[in-house]
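S.K.: All chains, please: the whole structure from these sequences, using the hints.
Numbering-wise, the sequence shown is residues 123 to 436 according to my numbering.
Just so you know, the hints here were simulated from the structure itself, not pulled from any lab data. Every residue, glycine too, gets a C-beta built ideally from N, C-alpha and C. Keep in mind that the hints are not guaranteed to be accurate.
[Said to hold, decoys possible] Simulated restraints on C-beta separations:
1) P405 - E317: 25 to 31 angstroms
2) K388 - A189: 39 to 45 angstroms
3) K247 - P405: 21 to 27 angstroms
[Claimed, not checked] Lysine-lysine pairs mimicking DSS-like chemistry, simulated, CA-CA at most 25 angstroms apart:
4) K391 - K304
5) K304 - K194
6) K304 - K328
7) K274 - K224
8) K224 - K252
9) K391 - K328
10) K224 - K247
11) K391 - K224
12) K376 - K353
13) K252 - K329
14) K328 - K353
15) K353 - K274
16) K329 - K413
17) K224 - K328
18) K335 - K247
19) K274 - K163
20) K391 - K376
21) K376 - K274
22) K224 - K329
23) K391 - K252
24) K376 - K329
25) K353 - K329
26) K274 - K328
27) K381 - K328
28) K381 - K391
29) K194 - K224
30) K224 - K163
31) K353 - K381
32) K381 - K329
33) K388 - K329
34) K163 - K388
35) K353 - K413
36) K247 - K155
37) K381 - K304
38) K252 - K335
39) K388 - K247
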Amino acid sequence: METKLVPGVGRIPYPAYRGDEPYIFISYARLDKDRVYEEIKRFNDAGYHVWYDEGITPGNEWSDAIAEALAKCAVFVVILTPTSAPREAVLNEISFALDEGKPFLAIYLEDTELPPGLRLRISRKQAILKYNMTDEEYEFKYIEAFTRFGLKRNNAESVTTPETKKAESVSVKPYQLSDEQKANIARIQNSPAREIDFEWIGSTLKKFHGIQKNVVIPSRATAIMSEAFTKGLPIESVTIPASVNRLQFASFDKCNNLKEARIEGKDVKIENVDTIGAFSNCPQLVVYCYKDSMTHDELKRTHQGEIRFIEESV
Numbered sequence: 123m124e125t126k127l128v129p130g131v132g133r134i135p136y137p138a139y140r141g142d143e144p145y146i147f148i149s150y151a152r153l154d155k156d157r158v159y160e161e162i163k164r165f166n167d168a169g170y171h172v173w174y175d176e177g178i179t180p181g182n183e184w185s186d187a188i189a190e191a192l193a194k195c196a197v198f199v200v201i202l203t204p205t206s207a208p209r210e211a212v213l214n215e216i217s218f219a220l221d222e223g224k225p226f227l228a229i230y231l232e233d234t235e236l237p238p239g240l241r242l243r244i245s246r247k248q249a250i251l252k253y254n255m256t257d258e259e260y261e262f263k264y265i266e267a268f269t270r271f272g273l274k275r276n277n278a279e280s281v282t283t284p285e286t287k288k289a290e291s292v293s294v295k296p297y298q299l300s301d302e303q304k305a306n307i308a309r310i311q312n313s314p315a316r317e318i319d320f321e322w323i324g325s326t327l328k329k330f331h332g333i334q335k336n337v338v339i340p341s342r343a344t345a346i347m348s349e350a351f352t353k354g355l356p357i358e359s360v361t362i363p364a365s366v367n368r369l370q371f372a373s374f375d376k377c378n379n380l381k382e383a384r385i386e387g388k389d390v391k392i393e394n395v396d397t398i399g400a401f402s403n404c405p406q407l408v409v410y411c412y413k414d415s416m417t418h419d420e421l422k423r424t425h426q427g428e429i430r431f432i433e434e435s436v
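M.R.: As structure tokens, this is what we get:
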């Protein structure tokens, strides 16, 4: 990994961003710095401004500098590992970001057990399980997340700290996916979803982390949590197996590309808030179920879109 020797700071992948344009705040454990620096370099090379704690000017009060950078950031990213999850500094930064309502993204470098309080606070926030993804999937997911948060890539930018304003700057070139990367993403999107694309709590499907267009949910599932499938996914069709007997409110939320959901179970309970059930803000969606089943009755009660019947589908 290329590094830059910055006076008063040390050898780092890039100096932390200092300026008035939108930037990403990176929260991490210092013991993970070698792996985290790879992510910082990746984001910076992709054209994003990045701030991390190496940007603290020597002599500044640590907590004040962190708080100031957090308060001004456009997106908060926490890099989670078994090392970082229990760290008090990381927990404090997460709490600050959540209290300030910052756009929030958790990137897991490893399978990580979160402390109960932290698990409760970020359970509904977007997460990327990098350890389960190919490079192409990971790239697709973080670019999609940053774009959804309104963060734009820069065509070219000088990235400096106050100590290096007169030093040679680091130029960030426009970021483009190669033809090979585009082909790999297309191949993944058109392939079947894998077990590792799903996040579970026992037999309850908590979150889908894949980028496939056509998804068959594994028969392990008995329930699907709220926001398991959310905005930004390229998913176009989903098959919900007969093993599923409960769909929580907004299990599928703002899935703009979703055109078809096939519910194979006849006795599915659908939880709702007001008249909105499992499918919310999915403008193209047609739901298929068995006619005159309990599932059909539940959909009539909770679903505002079109309902068709499996027996009638081709």
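S.K.: Against each hint, give a clear statement of whether it holds in the structure.
M.R.: Checked hints:
1. P405 - E317: 25 to 31 angstroms: Because 30 angstroms falls inside the window, the suggested range holds.
2. K388 - A189: 39 to 45 angstroms: Given a distance of about 55 angstroms, which is not inside 39 to 45 angstroms, the answer is violated.
3. K247 - P405: 21 to 27 angstroms: holds (24 angstroms)
4. K391 - K304: Measuring from Cα to Cα gives roughly 40 angstroms; hence the hint is violated.
5. K304 - K194: violated (34 angstroms)
6. K304 - K328: Measuring from Cα to Cα gives roughly 28 angstroms; hence the hint is violated.
7. K274 - K224: Given pair K274, K224 holds - Cα atoms ~16 angstroms apart, limit 25 angstroms.
8. K224 - K252: Status holds; Cα separation ~22 angstroms.
9. K391 - K328: holds (17 angstroms)
10. K224 - K247: holds (11 angstroms)
11. K391 - K224: Measuring from Cα to Cα gives roughly 34 angstroms; hence the hint is violated.
12. K376 - K353: Satisfied, since the Cα-Cα distance of roughly 5 angstroms is no more than 25 angstroms.
13. K252 - K329: holds (14 angstroms)
14. K328 - K353: The given pair, whose Cα atoms are some 15 angstroms apart, holds under the 25 angstroms limit.
15. K353 - K274: The hint holds at about 18 angstroms.
16. K329 - K413: Violated, at about 29 angstroms.
17. K224 - K328: holds (23 angstroms)
18. K335 - K247: Answer holds: K335 to K247 is near 22 angstroms, not above 25 angstroms.
19. K274 - K163: The hint holds at about 17 angstroms.
20. K391 - K376: Holds - the C-alpha atoms of K376 and K391 are around 21 angstroms apart, at most 25 angstroms.
21. K376 - K274: Holds. K376 to K274 sits at ~22 angstroms (cutoff 25 angstroms).
22. K224 - K329: Holds. K224 to K329 sits at ~21 angstroms (cutoff 25 angstroms).
23. K391 - K252: violated (33 angstroms)
24. K376 - K329: With Cα atoms ~14 angstroms apart, K376 and K329 stay inside 25 angstroms; holds.
25. K353 - K329: Distance ~12 angstroms between K353 and K329 Cα, so the pair holds.
26. K274 - K328: violated (29 angstroms)
27. K381 - K328: holds (21 angstroms)
28. K381 - K391: Since the Cα atoms of K381 and K391 sit roughly 22 angstroms apart, the hinted pair holds (cutoff 25 angstroms).
29. K194 - K224: holds (10 angstroms)
30. K224 - K163: Holds, at roughly 22 angstroms.
31. K353 - K381: holds (14 angstroms)
32. K381 - K329: holds (19 angstroms)
33. K388 - K329: holds (23 angstroms)
34. K163 - K388: violated (50 angstroms)
35. K353 - K413: violated (29 angstroms)
36. K247 - K155: holds (24 angstroms)
37. K381 - K304: holds (23 angstroms)
38. K252 - K335: Distance ~19 angstroms between K252 and K335 Cα, so the pair holds.
39. K388 - K247: violated (31 angstroms)
Checked against the numbered hints above, the structure violates hints 2, 4, 5, 6, 11, 16, 23, 26, 34, 35 and 39; every other hint is satisfied.
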